Structures are given as structure tokens and as C-alpha cells.
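Let the hints inform the model, and build the full structure from the sequences given.
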Amino acid sequence: MSDNTISRRHALQGVAALAAGSIAAPAIVRAQAGALQLGVLTPLTGAGGFDGPRMLKAMQAVAAEVNAAGGLLGRQIALIVEDDQTNPEAAVRAARKLIDVSKVPVIMGTWASAVTSAVAPVCWESKTFLTTVSGADSITLLPHQGYLIRTQPNNHLQAAKHAEFMASIGAKRVFCLSIQAPFSVPTQKRLAEVLPQGGSELVGALIYEKDKTTYRSEIDQALRTKPDFLYLNGYAPDVTVLLRDLYRAGFDGGRMTQSYALTSKVLESLPPEVTEGAYTTQPSADVESPAFARAAKRLGIDDQDSYETQATDWISLVCLTIAKAKEASGTALRENVRKISQGSGMKVYTAVDGLKALAEGKEINYEGASGPCDFTDIGDIIDCKFRYQRVAAAKFKFLKIA
Amino acid sequence: MATEILQLIINGIMAGTILAVPAIGLTAIFAVLRFANFALASHATIGAFAGLVANVNFGLPVVPSLAFAFLAAGLVGLATDEFVLKPFRAAGFITTAIGSIALTIALENVVRFIFGNELRGYDLPIRRDWRFEGIRIGPQQVENLAIAVAVMAAVFLFLMLTRTGKAMRAVADNPMLANIKGINAEMVARIVSFVGMGLAGLGGMLIGLDTTIDPLTGFRAILSIFAAAVVGGLGSIPGAVVGALTVGIGEELSLLFLSPNYRSAVGFFTILLVLIFRPRGILGQRAF
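Chains W and P, in that order, give the protein sequences.
All residue numbers for the first sequence refer to our numbering, where the first residue is 1 and numbers rise by one.
All residue numbers for the second sequence refer to our numbering, where the first residue is 1 and numbers rise by one.
For the record, the hints were derived by calculation from the structure and aren't laboratory data.
One thing to keep in mind: the hints can contain errors.
The list that follows gives simulated cross-link-like pairs (lysine to any residue, SDA-like), each with its CA atoms no further than 25 Å apart [as the list claims (entries may be wrong)]:
1. 265(W) - 120(P)
2. 127(W) - 331(W)
3. 226(W) - 8(P)
4. 57(W) - 110(P)
Source: prediction; values computed, not measured.
Put into C-alpha cells, the structure is as follows:
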């Protein structure tokens with residue numbers, strides 16, 4: 001009896017001490033002990049401000065689904081979100097905060113190549129895993145020691161596909177106007193290599209500065225080479241100015257740009273005659289995959305784009321890798337991501353299905369909404385499809401996915 | 001080659017003239033309040049968006065929309081100076097300038113909160129350029145040029161002929177003497193904040209008329225505006241015009257021998273060169 005009394009008293013003292021300790025502990029420590037924190041660093045503002053919030057929503061939807069199914073390693077997932085402002089300096093500050101304060105094992109979401117190039121060293125030096133959509137070839141060539149994967153096709157692959165497309169629609173004399181960015185020179189070189197294979201040629205290229213209110217002189221320089229097709233290799237704020245200036249200059253040839261530079265919002269902001277006939281392209285989601293259908297249902301939208309599906313795949317891959325490794329660290333992600341993304345394991349199309357299979361002791365191969373999600377040793381994806389559209393009367397007209 | 005040079009000079013004049021309007025605002029504020037007000041960037045954005053509301057939502061033509069842009073940015077400038085920057089001034093000019101950077105980021109985010117991040121365009125028909133002997137000029141640019149010149153003329157007439165304008169010049173040239181003469185420096189500060197930021201707003205809309213706008217419109221232009229004001233002589237109102245044209249034409253002519261991605265660098269090399277040989281800018285720092 002007395003033993004019981006003593007043990008109850010001790011137990012009560014222990015509970016009281018625990019409660020006092022948890023109240024006294026800083027909020028961040030309590031949060032870490034509770035939820036498993038994963039870092040998100042998307043552009044919520046700046047040139048990527050159109051894609052970033054949608055990518056975040058896609059990740060939040062997967063996190064909610066995983067949490068509803070019981071969480072990860074017995075804990076709920078909490079996304080710690082920072083805005084990279086599509087700005088390398090701001091992104092590095094935000095990444096430092098995620099790594100040093102929130103101690104996240106992974107940062108998901110950098111969009112612009114310049115931002116990823118700035119954030120990547122911060123990540124690998126602190127053994128934090130980074131997932132990105134940036135396309136510049138230089139990114140996976142960085143000495144990242146495996147702490148980086150990207151679900152976006154690299155620039156080399158994209159430029160080749162774009163060149164093949166331009167040649168296939170009859171472009172003979174192509175001029176490339178590129179924004180000053182890590183992908184500019186490699187893109188121009190690759191276009192020059194691939195265009196002649198389709199009977200076309202790159203008649204010239206220039207690199208322009210961002211943030212200019214007009215590109216009249218750059219347009220004059222391009223038009224002096226008498227091109228019949230222009231490849232506009234920039235972001236929405238500058239491509240908008242280029243398209244306007246091209247119309248004013250009386251250029252009636254073809255124009256092609258990335259879908260992120262000519263979005264539906266950009267179409268609304270420009271007079272229809274300025275964008276009429278312009279082609280856009282983007283790495284395509286794998287629209288026929290079960291993962292795509294499940295992601296569409298989860299988000300409640302039918303026409304999710306490549307970025308939304310890539311964001312879905314990042315968080316799914318991260319959750320599955322952590323579950324496989326039974327450890328939430330950057331190094332565990334680096335060591336184990338390919339064990340669940342490729343190979344002969346059972347094909348799974350969502351994080352929740354994959355977690356269930358892993359819990360049953362099965363080997364898995366995650367097949368994503370953006371594509372197969374198989375990675376090379378340096379973190380590039382091996383395969384991807386592209387979607388082509390053309391503007392007609394201020395609306396996008398679907399051409400093909402190939 | 002001659003045609004190319006002439007085209008670049010015309011492009012430079014067009015770009016420089018639009019730059020001159022907010023540069024006058026920046027330099028006028030510096031002349032009277034003696035600090036570089038970087039909040040000009042967000043006020044240019046506010047003006048651009050106020051003009052957008054007038055033009056797109058209220059269906060007003062360009063000129064009344066520009067007046068709306070001037071008024072909205074001017075009133076916000078007046079309020080932010082009175083309630084935010086004025087208390088900073090006691091802590092010194094550097095603190096005030098840094099405070100103005102914080103202010104501009106805060107205001108930019110207010111614009112983002114209200115209007116979102118999307119690019120937006122004015123409800124204006126787009127026209128093909130006119131061509132004369134191989135030279136092309138945009139009708140919209142010519143209109144913008146005319147508006148900018150008219151605004152600058154109005155500012156100069158205001159400073160030369162009105163009692164308030166003369167009071168502003170007096171405070172800018174010698175605040176102590178102006179005080180002895182009974183000029184109310186506080187009132188002049190308010191007026192210059194209103195007019196300076198109003199000009200920034202008008203300049204923001206002029207930039208937007210030719211392109212599209214988003215919450216970073218002013219921020220993107222601020223370095224060139226600052227360069228224009230410094231080259232011309234920070235504090236000198238005619239200097240802002242000369243500086244803007246120098247930067248505008250200089251950047252364009254650099255394309256003859258440099259890749260376009262070095263265009264902005266030319267503006268800043270110009271600042272360094274001018275300041276090495278004329279530390280107070282081309283026209284010095286006398287307000288007028």
C-alpha cells in the first residue's frame with residue numbers, strides 16, 4: 001500500500017516535471033518533438049510567384065493525406081514554408097532559417113535556376129536534401145554529393161526537344177533571346193547543335209538583362225539577322241516585354257517560349273494580337289499515369305501542370321524515403337531515395353500506398369505524377385514528356401504531348 | 001551604322017525621359033529632406049496600380065489615369081513621410097534612408113496583398129511602330145515622351161513661378177536662411193513628399209503603359225532612377241533630367257560594342273566616372 005502511495009506520488013511528480021519542462025521549453029523544441037518538420041522553399045513572390053503557391057498546395061495536399069493515414073514514423077508531418085522570392089539572396093536567408101532554426105532534413109521547392117544554384121551549397125554543406133524544378137544543366141553538375149535531385153528535365157534535354165519541335169514546324173532561321181541566367185549559354189549551344197539535324201539553323205543569339213522596361217534595341221539586334229522564328233528563353237516579366245516589343249517592331253514570324261513565361265495570367269495581361277500564334281512548351285506531367293489521376297483527385301483539379309505534379313512527387317518521394325530509411329535526415333534521404341524511386345519493387349503511385357507497402361515489408365518503386373521519377377547518379381531524371389500548346393485568340397490551344 | 005546609332009539614341013531618349021520623371025521626385029526629396037528615399041520604388045508601384053484601377057476598373061483614359069496615379073502615390077507618400085519617415089529623421093539621414101528601404105518592402109507587400117502577384121496590363125490598344133528611313137518609333141513611346149516632357153515642364157514652372165515652388169527651392173538651397181525668412185520647413189517637407197512621390201507614381205504608370213505591371217515594377221526601376229539622379233547631381237532637379245538622359249542614352253549606345261547583358265553595368269560605370277571627375281554630379285547639387 002505504502003509502496004503504491006509512493007509510486008503514485010513519484011509518478012505525479014514526474015508528470016508535473018514533464019509538464020513544467022514542456023511549458024518551459026521553447027515552442028520550436030516542442031514542435032520538433034511533435035511533428036516531423038519538412039522544409040518548403042518555393043517562390044511565393046517574384047517571377048515564380050505564379051507557380052510557387054500551386055506547388056505548395058500540391059505538397060500540402062499530400063502531407064494532409066499522409067497525416068490522415070497515420071503520419072510518418074509515427075509522427076505527423078508539418079511543412080515549414082518559406083518564400084524564396086525568386087531571389088537568390090532572399091532564398092539563401094530563408095534556407096539558412098529552415099536549416100539552422102527549423103532543422104529540417106529536406107528543402108523542397110526551389111524554382112529558378114539562379115536560386116537553386118545559390119541554395120544548393122547551403123544544403124549540401126549542412127547535409128540537407130534539396131529537391132528542385134530548376135532546369136539549368138549546371139545544377140546537377142555542382143559538387144552536391146548526392147544531396148540534390150530534380151524532377152525537371154535538365155536543360156540539355158529540354159533545349160534538344162525544343163529545337164526538334166521548332167524544326168518540325170518549319171522554322172528555318174531561329175534566333176534565341178535568353179535572359180541572363182545559368183541556363184542561357186548551354187541552351188543556346190544545344191539549339192545550335194540540334195536545329196541543323198532538322199534542316200534548320202540558329203542564326204544568332206543574345207543574352208539580355210532582366211528587369212528592363214524595354215528591349216527595343218535587343219529586338220533590333222535580333223531582327224537584323226532576318227530570323228523567321230524567335231526562341232524567347234526568359235521569364236514572364238521580360239518575355240511579356242519582348243512579345244510587346246516584337247509586335248511593335250512588326251515581327252510576324254513564329255515565337256516560342258516556356259510555359260512558365262507565358263501563362264494564362266500573362267495572356268490576360270497582354271492584348272491578344274501580341275501573343276497570337278505563339279508556341280509554349282513545358283515538361284509534361286505523365287497524364288496517363290495512375291499517379292496523375294490520384295493527384296488530380298486529391299487537388300480537385302483536372303488540368304494540373306508539370307510543376308504541381310513535380311511538387312506532389314517530391315513530398316511523396318521524401319516521405320517514402322524517410323519511411324524506408326526509418327530516419328528523417330538529409331543523409332538518409334541521399335542514401336535511400338533511389339531505393340524507392342526505381343528498381344524492380346512493386347509500383348506505387350501515391351505516398352500513402354507506398355507507406356502501406358513499406359510497412360508490409362515490400363520493396364517499392366514510386367511512379368510519379370510528373371513521370372517515372374528515376375534518377376541518374378547526379379540527380380537528373382532519366383525520362384520525361386513535353387507538352388506543346390499554341391495561343392489562338394488569347395487562349396491556349398493544346399497541340400500534343402510527346 | 002549611322003541608322004543603328006540614331007536608333008539607339010532615340011531609344012535612349014525615350015527610356016531616359018520616362019526615367020527622368022521619378023528621378024525628379026527622388027532628387028527633389030533629397031534636395032529638401034537630405035536623404036535618399038528608397039521608398040520611391042514602392043510609390044512608383046502604387047502609382048502604377050492606382051492608374052490601373054482608374055484605367056481598367058473605372059474606364060478612364062490615360063491622362064486622367066495618370067493624374068490618379070500621381071494623386072494616389074502622392075497621398076501615400078505624404079502619409080508615409082508624416083507617420084513613418086519623419087520620426088526616423090531625428091536618428092539621422094542614414095537611418096532614415098534604411099528606414100525607407102524597410103518602408104518600400106512593406107508597401108510593396110501591401111500592393112501584393114491587395115492585387116496579387118500576377119502581371120497586369122492597361123486597357124490600351126497596342127500599335128505597330130512608325131518607320132522613317134529605317135528608324136522605328138513607337139506611338140505609345142511618343143505619347144509617353146510628350147507626357148513626361150509636359151510633366152517636367154509643369155514641375156519647372158511650379159518651381160520657378162509659384163510661391164510654394166520658390167519656398168521649396170529656398171529650403172533646398174539653405175534651410176537655415178529659409179527658416180529665418182519665415183518659410184515653414186515642415187509644410188515644404190510635406191509638399192515635397194507629396195509631389196516627389198506623386199512623380200514617382202506617375203513615372204511608375206508611364207513605365208507600365210509601355211510594358212505590364214506587377215508589385216515589383218518600382219523595385220525593378222529604382223536602381224536606374226537612382227543612377228539617373230546621382231549622375232545628374234543628387235539634389236539638382238535639372239540634373240535628374242540630364243542624368244536620366246545620360247544613363248538612358250549611355251546604356252543604349254553601349255550595345256554597339258557590348259553584349260546587352262552588360263547594359264545596366266554601363267549605367268553604374270557612368271556613375272563611377274561622373275563621380276570621380278565631378279563628385280557632385282554633372283550639374284552639382286544646387287536644386288535649380
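Cross-check of the supplied hints:
At most 25 Å may separate the alpha-carbon atoms for a hinted pair to count; residue 265(W) and residue 120(P) meet this at roughly 8 Å. Among the hinted pairs, residue 127(W) with residue 331(W) is consistent with the structure: their alpha-carbon atoms are about 6 Å apart, no more than 25 Å. Under the criterion of a C-alpha separation no larger than 25 Å, the hint pairing residue 226(W) with residue 8(P) is consistent with the structure, at around 19 Å. Note on residue 57(W) and residue 110(P): the hinted pairing holds, with a Cα-Cα distance of about 22 Å set against a maximum of 25 Å.
When held up to the earlier numbered hints, the structure conflicts with none and fits them all.
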